[in-house]
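J.: For this one, chain A is given, so just place chain B on it according to the hints.
Chains as they are written, first to last, in this note's numbering: chain A, 1 to 296; chain B, 1001 to 1239.
I should point out that these hints are in silico values taken from the structure, not numbers from a laboratory. Computed from a predicted structure; not experimentally measured. Treat each hint with caution, since some may be false.
[Unchecked claim] Calculated lysine-lysine pairs in the BS3-like style (CA-CA distance at most 27 Å, straight line):
#1 K163/A - K1133/B
#2 K163/A - K1231/B
#3 K1130/B - K1156/B
#4 K165/A - K1156/B
#5 K1133/B - K165/A
#6 K165/A - K1130/B
[Unchecked claim] Just a few of them, taken from the derived set where beta-carbon distance is under 8 Å, the chain A residues facing chain B:
#7 M1
#8 L3
#9 V123
Quick reminder that beta carbons are idealized off the backbone N, C-alpha and C, glycines included.
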Amino acid sequence: MSLFIERMVNGLADGAIYSLLALALVVIFRSTGQLNFAQGEIGTFGAFVVSTLTLSGWPVWISIGTAMVVGFAISAGVERIVVRPIETRNPGAVIVALIGVFLAVNQLTAMIWGVDARGLPSVFPDDADDFVTVFGAPLRIARLGILAMLAVVVFLLWLLFNKTKIGLAMRAVANNQESSNLVGIRVGGILLLGWGLAGAIGVLAAAMLAPSAGLTGTLMLGPFLLASVAAVLGGLDSPLGAVVGGLLIGVTEAVIVGYVDFLGADMLFPVMLVILLAVLLLRPAGLFGSERVERV
Amino acid sequence: MSDALLDVTGLTAGYGPIEVLHGLDFSVADGEIVVILGANGAGKTTTMRALSGMISRGGTINFGGRSIGGMRPDAVLRAGVSQVPQGRGTFTDLSVEDNLLAGAYTLRGGTPGDDLDRWYGVFPRLAERKDQKAGSLSGGEQQMLAIARAMMNRPKLLLCDEPSLGLAPIITQELFQVLGDLRDEMGMSLLIVEQNAGLSLQLADRAYVLETGDIVATGTGDELLADDTIKEAYLGVVS
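Chain A extracted, bound-state conformation (with noise of 0.2 Å):
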């Protein structure tokens, strides 16, 4: 029973890292209507800035607020530079370009930081007697305060969508572009700082994740997967889908890799793909997504 609990709470903390980075994703597909490849490796990028910063000296939390700003300015400029001036002529070509960046920014770090993996300190305690212990399970506060974060980050961006003029904007602009141009919104600027504050969640999920995962190139490879499988399967335009899929999946990953022995850990990208593929066929729109998820 202590191992069964200790497994879900590590499953659930996991999936609070896929639900932060399908959170970026459907914050970007709403308003853009495009899933950006580009999303995981902006947060890893911010995760090794986050590590420069540590290393000389910066106290984490900081150094954390400071990369998400970095991330913030990355995806920003990722939409103003490539994504707008490619979706006018052509938006099936954008998808193309996005890997493109996803490409991009995998070499950028590398050359930056090399190939080298390396560690990084945790915001929350995270030493070996940092745990607490419920019905005999262990639990590590550092796992549970990435499900603390992921709480904070959903209540801010409600606080963000449904309490101001900007996120009354910023759901305007999800719905109805020209409409919104016609109230007097600036649609490019909402769209640039939609795309800015995903990038600035990508790069809190990668910190979150790095020092339980080890800081490499790769950090955010499996996890954006998984967190676009999350996406998928919560409703592309829903953020409560995205938090509620993201956990879903940590749990199925916690399952699979715990219990059922014949799939194991080597199997957990098969299995995601196989509930991609269920969902796809059998609910398009997702757990929580409107029927009309394409674009019009």
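T.: Quick look at chain B alone, frame taken from chain A:
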């Protein structure tokens, strides 16, 4: 007409290399209801989009004595010109109230709470449905919402792009009543482009007839209603 609120001369606009409007001259005086009558493809929507700054345009557009011809949509709104777009353009996934708040987007400072109350008073149906998604409203209710949303910006001139499109005749009548009230009770000026000649010309102080990007006739609403060619082309009456 030098005392015009909106004074347009030589308005040209189009899409890419295709010119749709070939130099339109028209005006709207303060407190006046002006209708531009035109069939499909005449350039009605292009005219509205050009006035709102949604597309690039040539010629001069003076509003309240200042040139708005080079302004972006948000600046045109701040100058006091709101548009009710064709097909209503409501934010279907947003609540009725959020739609109205989005209409007040360019207003600076203060809460638009008073404006909300005012328009809920004018359109009680919207008040009843304020938390519903706009997409769940009927066509007529959505048209009322689109008008209220445009009015949230506290404009001096309201542009209406084919408000009768897709509405039942009885609803269209109600709608033109509302548009008339905006002028009679609030002193609004209105520029309406329409195909529905019968109702719109009854409401109009003056009207223009737009054909393939040129204004081909003008007069008071009654004059045009009595005109045989107009009757034939827009009212289906063969004389």
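J.: Hint by hint, say whether it matches the structure.
T.: Right, here's what the structure says about each hint:
1. K163/A - K1133/B: 17 Å, holds
2. K163/A - K1231/B: Distance ~52 Å between K163/A and K1231/B Cα, so the pair is violated.
3. K1130/B - K1156/B: 25 Å, holds
4. K165/A - K1156/B: 24 Å, holds
5. K1133/B - K165/A: 18 Å, holds
6. K165/A - K1130/B: Satisfied, since the Cα-Cα distance of roughly 18 Å is no more than 27 Å.
7. M1: This interface hint is violated because 44 Å lies over the 8 Å limit.
8. L3: Hint on L3/A: violated, closest Cβ of chain B at ~44 Å, above 8 Å.
9. V123: At 36 Å from the nearest chain B Cβ, V123/A fails the 8 Å test, so the hint is violated.
Violated hints, listed in ascending order, are 2, 7, 8, 9; each of the other numbered hints is respected by the structure.
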